[in-house]
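Chemist: Protein sequence lines correspond, in order, to chains W and A. Heads up, the first sequence is in our numbering, so the first residue is 2 and it goes up one at a time. Heads up, the second sequence is in our numbering, so the first residue is 2 and it goes up one at a time.
It is worth saying that the hints were derived from the structure and are not from the lab. Note that CB positions come from ideal geometry on N, CA and C, so glycine has one too. Watch out, some of these pointers could steer you wrong.
Away from chain A, derived, C-beta distances all over 10 angstroms, residues of chain W [as the list claims (entries may be wrong)]:
#1 S84
#2 L317
#3 A334
#4 T378
Sample of chain A residues at the chain W side, in silico, Cβ under 10 angstroms [claimed, not checked]:
#5 D120
#6 R145
#7 D148
To give a feel for the contact side, a few chain A residues facing chain W, derived at Cβ under 10 angstroms [said to hold, decoys possible]:
#8 I190
#9 Y192
#10 R196
#11 A217
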Amino acid sequence: MADKHHVVESAWFALCGVDELDERAIYHTELAGHELVVWRAEGGAVNVWENRCPHRGVRLSLGHHRGDALQCQYHGWQFGTGSGACRFVPAHPQAPPPAVAVQTWPVQVRYGFVWTCLTLPGELPPFTPIEELENEASPGAAPAQPVRLRAVAIDAASDTVQHALADYRFDYTGFDAWQTSDCVAFEVAPHAVMIEQLDEAAHRVVFLVQPAREGRTYLHGIALGPFAANQRLAVLRHHQQRLNALRDALEQQSAYQERVNRHDIADMPQPDARSLVRSTPGQPAVLQQSVSKPVSVLSSGSGTAVYSGEHHEANLAFTVHLSRSGQTVNVAADVTVLHALRAHGVEVPSSCEQGVCGTCRTRVLQGTPLHLDDFLTPPEKAAGDCMMVCVSRAVSSTLTLDL
Amino acid sequence: MLKLYDDELCGDSYKVRLMLGLLGVPYRRERIELYPSRQNRTQEFLAMSPLGRLPVLEADGALLHDAHAILVYLARRYGDAASGQAHWLPLDDPLQLARIQNWLGFAAQLSAMVFPLRDAVLHAQSAPRRLPDIGTNESRTLLRVLDETLWFNEAAATPFVCATSRPTIADIACFVPVALLDEAEIESIDYPAFRRWSRRLKRLDGFTTMAGVYAAV
Numbered sequence: 002m003a004d005k006h007h008v009v010e011s012a013w014f015a016l017c018g019v020d021e022l023d024e025r026a027i028y029h030t031e032l033a034g035h036e037l038v039v040w041r042a043e044g045g046a047v048n049v050w051e052n053r054c055p056h057r058g059v060r061l062s063l064g065h066h067r068g069d070a071l072q073c074q075y076h077g078w079q080f081g082t083g084s085g086a087c088r089f090v091p092a093h094p095q096a097p098p099p100a101v102a103v104q105t106w107p108v109q110v111r112y113g114f115v116w117t118c119l120t121l122p123g124e125l126p127p128f129t130p131i132e133e134l135e136n137e138a139s140p141g142a143a144p145a146q147p148v149r150l151r152a153v154a155i156d157a158a159s160d161t162v163q164h165a166l167a168d169y170r171f172d173y174t175g176f177d178a179w180q181t182s183d184c185v186a187f188e189v190a191p192h193a194v195m196i197e198q199l200d201e202a203a204h205r206v207v208f209l210v211q212p213a214r215e216g217r218t219y220l221h222g223i224a225l226g227p228f229a230a231n232q233r234l235a236v237l238r239h240h241q242q243r244l245n246a247l248r249d250a251l252e253q254q255s256a257y258q259e260r261v262n263r264h265d266i267a268d269m270p271q272p273d274a275r276s277l278v279r280s281t282p283g284q285p286a287v288l289q290q291s292v293s294k295p296v297s298v299l300s301s302g303s304g305t306a307v308y309s310g311e312h313h314e315a316n317l318a319f320t321v322h323l324s325r326s327g328q329t330v331n332v333a334a335d336v337t338v339l340h341a342l343r344a345h346g347v348e349v350p351s352s353c354e355q356g357v358c359g360t361c362r363t364r365v366l367q368g369t370p371l372h373l374d375d376f377l378t379p380p381e382k383a384a385g386d387c388m389m390v391c392v393s394r395a396v397s398s399t400l401t402l403d404l
Numbered sequence: 002m003l004k005l006y007d008d009e010l011c012g013d014s015y016k017v018r019l020m021l022g023l024l025g026v027p028y029r030r031e032r033i034e035l036y037p038s039r040q041n042r043t044q045e046f047l048a049m050s051p052l053g054r055l056p057v058l059e060a061d062g063a064l065l066h067d068a069h070a071i072l073v074y075l076a077r078r079y080g081d082a083a084s085g086q087a088h089w090l091p092l093d094d095p096l097q098l099a100r101i102q103n104w105l106g107f108a109a110q111l112s113a114m115v116f117p118l119r120d121a122v123l124h125a126q127s128a129p130r131r132l133p134d135i136g137t138n139e140s141r142t143l144l145r146v147l148d149e150t151l152w153f154n155e156a157a158a159t160p161f162v163c164a165t166s167r168p169t170i171a172d173i174a175c176f177v178p179v180a181l182l183d184e185a186e187i188e189s190i191d192y193p194a195f196r197r198w199s200r201r202l203k204r205l206d207g208f209t210t211m212a213g214v215y216a217a218v
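Only chain W is shown next, with the shape it has when bound in the complex:
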């Protein structure tokens, strides 16, 4: 899993179709290097969670859907819908559950997809509607449902994929695999591209780009109807063929690029994704911005959020005073507070030792902690009166702890 100390664009991304969550599914996906699980509780609430049990770090996607909770496969801890809070520990059925929660992310269900934004509450950007899909979904519109395409995983960067969509072609007449008509591409939202046929039918398909991790992209699609019921499968297969061709071309290209970067090859002809995807040469490939939806205000770097920047203080030594015992403990640069305390015979209850479980929460009486955990909420971090001693450190040169 990628580290969290990098900039993630603060925008809403589609993760999966809502029907992927039927039959108590636990949908496993990834966004900007964060492994996620998506699941729907029996009451209908959709959850987007970090794919990690806060107890011992096992993937929740290996676990079980318990109706209104997910249960980890490893020790059976259960985490409830909504808050992600632990509600049951099988080993201690009588004891109140520990104050531990799965990291949860915001959820929107729009246009038949589950969307999330990897942003802390309070910094959440508004959802940018995609008008082309709003119209389709409105009750008075065409009676036929749009067709949601199978998501395709492509081992290429998301901006490369989004750019290559400018050359996407399709043609429903006869559903001939290689027949194409002229199409034009519009950027209808920062991570959404609409392809429209330039003929009387003006069929349209909208693609939603999900940057999974560096060098991997998931591409979701919706073919806008109306379609007859017996046409839907043909539409799905038609786009699948085209998307597979696009995927193969992009992967060939990025594999080539990788080898060039390693100086492995000198005289290999470079594959051209365009020539492989399009079969109507001469058609100008322009990625246009939709007239209805100017994207410039949202697509640039202005809409980004920094999770936690590079902390230069992160590896400095500091001193900890213990108010109850009167002890003073020096915390060296590469030693955690927890380990420094332990070396001095001071035991603080701890579990994950990675700043996620909340067990080692300790009151801070004086000094400013440098929070490096994933457990405390932003207001709690800002208050500065407690810290997770397993990972967090100090901004000030000394800290006084209630120990």
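Given chain W's structure and the hints, the job is docking chain A onto it.
Modeler: Below, chain A alone, put in the same frame as chain W:
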């Protein structure tokens, strides 16, 4: 009674135990440990299975080798219409029969990629020689084809490997290498259709687990 020579951790052996469980056929087990004692290389076992491969089924006075061959035998010997189990290997439709053969071959290819990698992970052995290719391009192509097939079969309301409404032996043969991907340290995150198909199989009466393969709840 049937006698199965197998190893708890062997993927091909699991295919046969799974089939026996789903058909509800009682059998005796004789454990042949592959690792670390390599009991499959003893003279006694090589006399039964000249290539030293598991599983071996002693049935009707014969010794059957090869997991997929044993699946064929069990499906026809015990999966009759009276028990409602004829769907595992239907013989009346030539196209269906060809598809099953096709996907058994596919499963053999997939197993040949996944199982050696898993052995390397579990037993910390040196990895197979062609590891880099296996880990990426070859297995990726196979897994993509299987995921796409399952997705479209599901969309057509015939959610099993051979586009049938009830599972066949080809589902058993493909399920086991898919269920063991994690242990082979091959990512399955790109193949969401696997999970729904696997859960469908796990909910069948008589589904049998093995180490690393859990039952559905």
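Chemist: Hint by hint, where does the structure go against what was stated? Just the numbers, ascending.
Modeler: Structure breaks hint 5 only.
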